[in-house]
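*Asks:* Given next are the chains, with one letter for each unit.
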Amino acid sequence: QSVLTQPPSTSGTPGQRVSISCSGSSSNIGSNGVNWYQQVPGMAPKLLIYSNNQRPSGVPDRFSGSKSGTSGSLAISGLQSDDEAEYYCAAWDDSLNGHVVFGGGTKLTVL
Amino acid sequence: QVQLQESGPGLVKPSETLSLTCTVSGGSISSTSYYWSWIRQSPGKGLEWIGSMYYTGRTYSNPSLKSRVTISLDTSKNQFSLKLSSLTAADTAVYYCARGFTIFGVVTMVGWFDPWGQGTLVTVSS
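Line by line, the protein sequences are chains A and B.
The opening residue of the first sequence carries number 1 in the numbering used here; numbering runs sequentially from there.
The opening residue of the second sequence carries number 1 in the numbering used here; numbering runs sequentially from there.
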């Protein structure tokens, strides 16, 4: 059972816009930023969004992030076939002397 | 650009201690901006943060693993290491090392991870 809650799966067709939610609590997302990672099967995770809505250089602006209260959200517009991957959210949690928590991951299928 | 590479045994026996090393190239582990981190992923499962160490020695660990985890830095070799003791089959996973960012200069938190090493599969079995 992950501390951050994500839907196990979502899907979309090419060109569509999809969103993935990440629900936390006051000690993690409610107090700190949300970060998002993309993991293609067989590969290491890659940073997609940091501090709620910041994109590292090289990440297309089709990817965007937001936060409201104790929930974060990742949006992907203009869906492409190579966006098919697992997406994880993560945040710093202030409880128990501080630790990093991850969501359970959301499998995005491009139909 | 910074690159990380894990190394260590692929097979470890139950009850033993796992030792992994991450070699960092293209940047110094003595930097004031980063936490040097370990994250693992059990087969078919999600990501689990293990722990992170700052160059001063400040360390944060997963509360569920804390008693078994030791992270250390070797600045002379620009490497950092993970020791995980009392292994069981549940510790079978791909282990990743990663560079963690302090959150806008605040060194009492670990932010995002970038980049990651390619990962190394560790199997715990007799």
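To be clear, the hints were calculated from the coordinates, so they are not data collected in a lab.
Treat each hint with caution, since some may be false.
Rough simulated footprint, nothing fancy, chain B against chain A, three-plus residues with beta-carbon under 8 Å [to be verified]: (1) 60-70; (2) 90-100.
In silico lysine to any residue, SDA-like type, Cα no more than 25 Å apart, as pairs [claimed, not checked]: (3) Lys-67(A) / Asn-53(A); (4) Lys-46(A) / Thr-17(B); (5) Lys-45(B) / Ser-57(A); (6) Lys-46(A) / Val-2(B); (7) Lys-46(A) / Thr-21(B); (8) Lys-46(A) / Pro-14(B); (9) Lys-45(B) / Gly-15(A); (10) Lys-107(A) / Ala-90(B); (11) Lys-46(A) / Gly-44(B); (12) Lys-107(A) / Lys-13(B); (13) Lys-13(B) / Gln-3(B); (14) Lys-77(B) / Ser-125(B); (15) Lys-67(A) / Ser-2(A).
Computed from a predicted structure; not experimentally measured.
Beta carbons: idealized from backbone N, C-alpha and C, even for Gly.
*Asks:* Indicate, hint by hint, whether the structure satisfies it.
*Replies:* Hint-by-hint comparison with the structure:
1. 60-70: Coverage by chain B is violated here, the residue count being 0 at a Cβ distance below 8 Å.
2. 90-100: holds (count 7)
3. Lys-67(A) / Asn-53(A): holds (8 Å)
4. Lys-46(A) / Thr-17(B): Roughly 29 Å between the alpha carbons, so the hint for Lys-46(A) and Thr-17(B) is violated.
5. Lys-45(B) / Ser-57(A): violated (28 Å)
6. Lys-46(A) / Val-2(B): With a Cα-Cα distance of about 14 Å, the restraint between Lys-46(A) and Val-2(B) holds, given a limit of 25 Å.
7. Lys-46(A) / Thr-21(B): holds (20 Å)
8. Lys-46(A) / Pro-14(B): violated (31 Å)
9. Lys-45(B) / Gly-15(A): Violated. Lys-45(B) to Gly-15(A) sits at ~29 Å, over the 25 Å cutoff.
10. Lys-107(A) / Ala-90(B): holds (23 Å)
11. Lys-46(A) / Gly-44(B): Satisfied, since the Cα-Cα distance of roughly 18 Å is no more than 25 Å.
12. Lys-107(A) / Lys-13(B): Between Lys-107(A) and Lys-13(B) the Cα gap is close to 33 Å, so the pair fails against 25 Å, i.e. violated.
13. Lys-13(B) / Gln-3(B): violated (30 Å)
14. Lys-77(B) / Ser-125(B): Distance ~31 Å between Lys-77(B) and Ser-125(B) Cα, so the pair is violated.
15. Lys-67(A) / Ser-2(A): holds (19 Å)
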